[in-house]
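A.B. asks: First to last, the protein sequences are chains X and V. Okay, so the first sequence: first residue is 6 according to this note's numbering, each after it adds one. Okay, so the second sequence: first residue is 6 according to this note's numbering, each after it adds one.
In case anyone wonders, no lab produced these hints; they're calculated from the structure. You may find that some hints are simply not true.
Identical copies go unnamed one by one, so any copy, or any two together, can satisfy a pair.
[What the hints assert, rightly or not] Distance condition first, Cα-Cα at most 27 Å in a straight line; then the derived DSSO-like pairs of lysine-lysine:
{"hint": "1", "residue 1": "LYS102", "residue 2": "LYS159"}
{"hint": "2", "residue 1": "LYS80", "residue 2": "LYS102"}
{"hint": "3", "residue 1": "LYS25", "residue 2": "LYS80"}
{"hint": "4", "residue 1": "LYS68", "residue 2": "LYS119"}
{"hint": "5", "residue 1": "LYS72", "residue 2": "LYS25"}
{"hint": "6", "residue 1": "LYS81", "residue 2": "LYS102"}
There are 2 protein chains.
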Amino acid sequence: MADEFVFEFLHMEIVSYFEKQTEEDDNLIISKLEQMGCRVGQSLSERFTRDSPRFGSELDIIKFICKEFWVGTFKKQVDNLRTNHLGVYVILDSRFKLLTHMSAGDQYLESAPKYLAYTCGLVRGALASFGINSVVTAEVSSMPSCKFQIMIPKT
Amino acid sequence: MADEFVFEFLHMEIVSYFEKQTEEDDNLIISKLEQMGCRVGQSLSERFTRDSPRFGSELDIIKFICKEFWVGTFKKQVDNLRTNHLGVYVILDSRFKLLTHMSAGDQYLESAPKYLAYTCGLVRGALASFGINSVVTAEVSSMPSCKFQIMIPKT
Numbered sequence: 006m007a008d009e010f011v012f013e014f015l016h017m018e019i020v021s022y023f024e025k026q027t028e029e030d031d032n033l034i035i036s037k038l039e040q041m042g043c044r045v046g047q048s049l050s051e052r053f054t055r056d057s058p059r060f061g062s063e064l065d066i067i068k069f070i071c072k073e074f075w076v077g078t079f080k081k082q083v084d085n086l087r088t089n090h091l092g093v094y095v096i097l098d099s100r101f102k103l104l105t106h107m108s109a110g111d112q113y114l115e116s117a118p119k120y121l122a123y124t125c126g127l128v129r130g131a132l133a134s135f136g137i138n139s140v141v142t143a144e145v146s147s148m149p150s151c152k153f154q155i156m157i158p159k160t
Numbered sequence: 006m007a008d009e010f011v012f013e014f015l016h017m018e019i020v021s022y023f024e025k026q027t028e029e030d031d032n033l034i035i036s037k038l039e040q041m042g043c044r045v046g047q048s049l050s051e052r053f054t055r056d057s058p059r060f061g062s063e064l065d066i067i068k069f070i071c072k073e074f075w076v077g078t079f080k081k082q083v084d085n086l087r088t089n090h091l092g093v094y095v096i097l098d099s100r101f102k103l104l105t106h107m108s109a110g111d112q113y114l115e116s117a118p119k120y121l122a123y124t125c126g127l128v129r130g131a132l133a134s135f136g137i138n139s140v141v142t143a144e145v146s147s148m149p150s151c152k153f154q155i156m157i158p159k160t
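In isolation and in its complexed conformation, chain X is listed as follows (with noise of 0.2 Å):
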């Protein structure tokens, strides 16, 4: 379906327009698509499940974020989840859409972490709207491949 571009592509131009703005470096690039992908995150995390009953525990709501957030998102769901039972969980997606657009050769996985951010700001977003605080990471060893790591801190 073509229609799935009209979000990539405008990602896609987003992530080069910051890094158009040569000033800043790519830390802060990376830092401002999280936060704007953590605030769109929680507003889809609040549409997709409009109609869905109340999560029971942490690894339901982890559940979610790889099922129905991700193909809502991603029109796929991932390829695999991990935890530690101790806060933390690692979602992998052996293709991951928003890195599909590049080569898959070694030279880009230095400008990886750009197209990353924004995802894993969507994901800190949708588990903030079920109260739960996250940090959130994502690396990439082989193109289109990349692990995100859910870090919830235990209090």
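Model the placement of chain V on the given structure of chain X, informed by the hints.
C.D. replies: Then chain V, alone, in the frame of chain X:
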């Protein structure tokens, strides 16, 4: 379908991001959004026409914008198309997607142009992908109905 919000919420977030950069005036915000739209419109048009035959005339291209392009981007066709047959086309969308999140009251009429600039750019970019230079403007008289005017200078 909830997934259309993936694009709409990101679009709203960008408008509000530019608004928060308070040193910038409305015209600069509009111009930045329009340019973003233009680059995306060009890419989208190339996607949407990938399997289409060539268009025979300018009017065919405008009709493509009103149908396939609008459906791909906003999940609906435009409601009306008028032309003076001298290079001016007026597209009416009586329920324009990127305005439906705003209250229909007159108090938001003033900020509406910022929510239309990206789409003006999309249309200009799409036309540019066919080698057509144009000036695209938008006006709202009552929300969420919106008119886009395309002017194609005759050389």
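A.B. asks: If a hint holds in the structure, say so; if it does not, say that too.
C.D. replies: Structure-based check of all given hints:
For a Cα distance limit of 27 Å, the shortest separation of LYS102 from LYS159 qualifies neither inside one copy, at 31 Å, nor across copies, at 41 Å. For the identical chains of this complex, LYS80 and LYS102 are neighbours both inside a copy (9 Å) and across copies (21 Å), given an alpha-carbon limit of 27 Å. Taking the closest pair of Cα atoms, LYS25 and LYS80 never come within 27 Å of each other, the shortest separation being 29 Å inside a single copy and 31 Å across copies. For a Cα distance limit of 27 Å, the shortest separation of LYS68 from LYS119 inside one copy, 25 Å, qualifies, whereas the shortest one across copies, 37 Å, does not.
Neither within a single protomer nor between protomers do LYS72 and LYS25 lie at most 27 Å apart by alpha-carbon distance, with minima of 34 Å and 33 Å respectively. For the identical chains of this complex, LYS81 and LYS102 are neighbours both inside a copy (9 Å) and across copies (25 Å), given an alpha-carbon limit of 27 Å.
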